[in-house]
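Add chain W to chain F, keeping to what the hints say.
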Amino acid sequence: MKVQATDVSIDIDGVRIVTDATLRAEPGSVVALIGPNGSGKSTLLRSVYRALRPVAGRVLLDDDDVWGLGARTAAHRTAVVLQDDSPDFEYSVREVVELGRVPHRGMFDRESDRDRDAVAVALGTVGVTHLAERPIGTLSGGERQRVALARALAQQTPVLVLDEPTNHLDVLAQVELLELMRTLPATVVLALHDLNLAAAYCDQVVVMREGRVAAHGPPATVLQPTLIEDVYGVHAAVGTNPLTGRPVLLLGTPVRRRGRVPRQDPITPTTRRHTR
Amino acid sequence: MADHTGRAPFAAPQRFRVLIVVLLVALLVTATAGISLGSVGIPPDVVWLSVGGHLGLPIAPVDPVSDQIVWMVRVPRVLLGILAGAGLAISGVVIQAIVRNPLGDPYLIGIVPGASLGAVIVIVLGASTVGGLALPAAAFVGAMVTFAVVFGIARQGGRLPPTRLVLAGVAVGYLVSAFTFFFQVIATPNQVQRVLFWSLGSVAGAEWGDLPLLALVVLLGVAGLALNGRRLNALSVSTDLAASLGVDVGRTQLALMLMVALVTGCIVAIAGGIGFVGLLIPHLARLLVGADHRRVLWVAVLLGAAFLPIADIAARLLRAPAELPIGIITAAVGAPFFLSLLVTTTGARRTAGVIRGQGAP
Chain F
1 MKVQATDVSI DIDGVRIVTD ATLRAEPGSV VALIGPNGSG KSTLLRSVYR
51 ALRPVAGRVL LDDDDVWGLG ARTAAHRTAV VLQDDSPDFE YSVREVVELG
101 RVPHRGMFDR ESDRDRDAVA VALGTVGVTH LAERPIGTLS GGERQRVALA
151 RALAQQTPVL VLDEPTNHLD VLAQVELLEL MRTLPATVVL ALHDLNLAAA
201 YCDQVVVMRE GRVAAHGPPA TVLQPTLIED VYGVHAAVGT NPLTGRPVLL
251 LGTPVRRRGR VPRQDPITPT TRRHTR
Chain W
1 MADHTGRAPF AAPQRFRVLI VVLLVALLVT ATAGISLGSV GIPPDVVWLS
51 VGGHLGLPIA PVDPVSDQIV WMVRVPRVLL GILAGAGLAI SGVVIQAIVR
101 NPLGDPYLIG IVPGASLGAV IVIVLGASTV GGLALPAAAF VGAMVTFAVV
151 FGIARQGGRL PPTRLVLAGV AVGYLVSAFT FFFQVIATPN QVQRVLFWSL
201 GSVAGAEWGD LPLLALVVLL GVAGLALNGR RLNALSVSTD LAASLGVDVG
251 RTQLALMLMV ALVTGCIVAI AGGIGFVGLL IPHLARLLVG ADHRRVLWVA
301 VLLGAAFLPI ADIAARLLRA PAELPIGIIT AAVGAPFFLS LLVTTTGARR
351 TAGVIRGQGA P
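Residue numbers (the working numbering), protein chains in the order written: chain F, 1 to 276; chain W, 1 to 361.
Next comes chain F alone, as it looks inside the complex:
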């Protein structure tokens, strides 16, 4: 399913957070939103999964405006993995993953075999079947993140939206997650902090800066040193990863610019959690 946001502007409490953003994800592709903290990645994503209504512009899934679809119809098309969406109450892993079946059942429906299968497949796909009966509170951050992904997979939607899904993951788990995204038939739109992960695993990147799209296109053409220096304020160079032979971004010292204090460590995803 194609995902398309056209000239989307979004306000939160009267403050413009995203301005005229355009985003396009072809069916089955993986598209990364990158940009510094506060650049509007999460906010733009929220309009895609129908949590925040844009004040201007449209978000289309194939040819349907998400805001014209009912909440439940939209939930049949898009599943979401949010930052920090683990419950405070002591649900078991299975109960959390079962939430993914909410849009598939009416008020009076009982759990069906299809629901049970979807949950079992989702648990297996992310490798947490052995944790199914554990309370979510007893899991590590990485395990919880996988459970959140399993919940989204159980929803069985053609579109997946993930907001910084690699946040709490170790290196192996990050790579595994993005490898999985590549093998899924779904269209994946995700916010990422790690530029090299975006470069290695995504078909397209959309670079955001101060609520606007600064650049978009295939990572090889977009992720150039000049753009990185411009958007993130850090000296950058492109080298070659000796293990994969792929281009790799190397990051240096902050760029000194008049009138703007460079942000501190803008691309250390494990220490930064909240962005807009």
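It should be emphasised that the hints constitute simulated quantities derived from the structure, not laboratory data.
Heads up, the beta-carbon is just placed ideally off N, CA and C, and yes, glycines get one too.
One or more of the hints may lead you astray.
As the list claims (entries may be wrong) - Stretch by stretch, here's where chain F covers chain W in the computed footprint (C-beta under 8 angstroms, at least three residues):
| no. | segment |
| --- | --- |
| 1 | 112-126 |
| 2 | 236-244 |
| 3 | 324-337 |
To be verified - On the chain W side, residues computed to face chain F include the following (Cβ under 8 angstroms):
| no. | residue |
| --- | --- |
| 4 | G6 |
| 5 | A8 |
| 6 | A11 |
| 7 | R15 |
| 8 | R17 |
| 9 | I20 |
| 10 | R159 |
| 11 | D248 |
Quick look at chain W alone, frame taken from chain F:
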């Protein structure tokens, strides 16, 4: 074999069913004891013969005095306790899910302070000042008006942000209580005594006439929750997540809160401000069966229904023949029990979480 480490003891389907049966039996025993015990003791077999007779079973009539006590005094009293306990318990379940905080309680959203003000006005100034409303009606109106104000202030962008709801509820509660306290200051000692008894709640004045409406409201509440278990699960995790799962967040929150307001408002109007049940019972239910609202609901209903009649037995026996307000018992018995559970059960599981490298939330 799946790992069950740290799971609530009655979460698995078979154990859950056993627990429900145990609770049903406990409810039956409690109800019998509640009818049997009091200033005049009535043996359990006489209780059942009398109740059976009134339900139209072909049973030889019991002596008229016992029959009168059972059917006209104790049965309505126990039924009121059961309905109030069940209603306050499900209200607590809903509020805790909506504010996504285990501290949620029907007191938080202004219902009880509002009801108190209505009651105090009738007690101190007389019914004529509120257009001749009787005390329960005035309490109900006070509860509904206060809830409407809290809800109106808390709602933002069609949704109820948890922190905003709690803050609005607490602030409006204080404001309303200021008036309540003012009326108590100008009241006579006798009136203050009545206000105090009302505020602490009692099921002693139960009459058959009060029960059908309350039963209907509580049953509607239970049915509403039974149909919304999965949505409550989604809402209790995050409103954005619930929205992404196809839940109409604003409308669901509105419907559930209206239900809570109606259930709690009716209970408070008839039985006064019985505290702690709405906070205690949902916790107890979650400790027993985990957080899934499809299970929590039934356990909370049965626990609440059994707990309040037990508290009522204590209320009428401890200072017999005088009666204690039931709110004293629910807090005095409930709080230590709750704290001991908190220390033993949750402590053990939280520690297990910390050992696995996961800090406390």
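Hints, verified against the model:
A count of 0 residues in the segment 112-126 of chain W with a Cβ less than 8 angstroms from any Cβ of chain F is obtained; the coverage claim is therefore unmet, three being the minimum. Counting residues of the segment 236-244 of chain W whose CB lies closer than 8 angstroms to any CB of chain F gives 7, so the stated coverage by that chain holds, three being the minimum. Against chain F, the segment 324-337 of chain W contributes 0 residues with a C-beta closer than 8 angstroms to a partner C-beta. That does not satisfy the three-residue criterion, and the hint is violated. With a cut of 8 angstroms, the hint placing G6(W) at the interface with chain F holds, because the nearest CB-to-CB distance is about 5 angstroms.
With a cut of 8 angstroms, the hint placing A8(W) at the interface with chain F holds, because the nearest CB-to-CB distance is about 7 angstroms. Nearest Cβ of chain F to the Cβ of A11(W): about 7 angstroms, under the 8 angstroms cut. The hint holds. The beta carbon of R15(W) comes no nearer than 12 angstroms to any beta carbon in chain F, farther than 8 angstroms, and the hint placing it at the interface is violated. The restraint placing R17(W) at the interface with chain F is violated, with a minimum CB-CB distance near 16 angstroms, outside the 8 angstroms limit.
Taken as an interface hint, I20(W) does not check out: its beta carbon lies about 17 angstroms from the nearest beta carbon of chain F, beyond 8 angstroms. Violation of the interface hint for R159(W) is found here, the shortest Cβ-Cβ separation to chain F being roughly 10 angstroms, above the 8 angstroms cut-off. Because the beta carbon of D248(W) sits about 5 angstroms from the nearest beta carbon in chain F, less than 8 angstroms, this interface hint is met.
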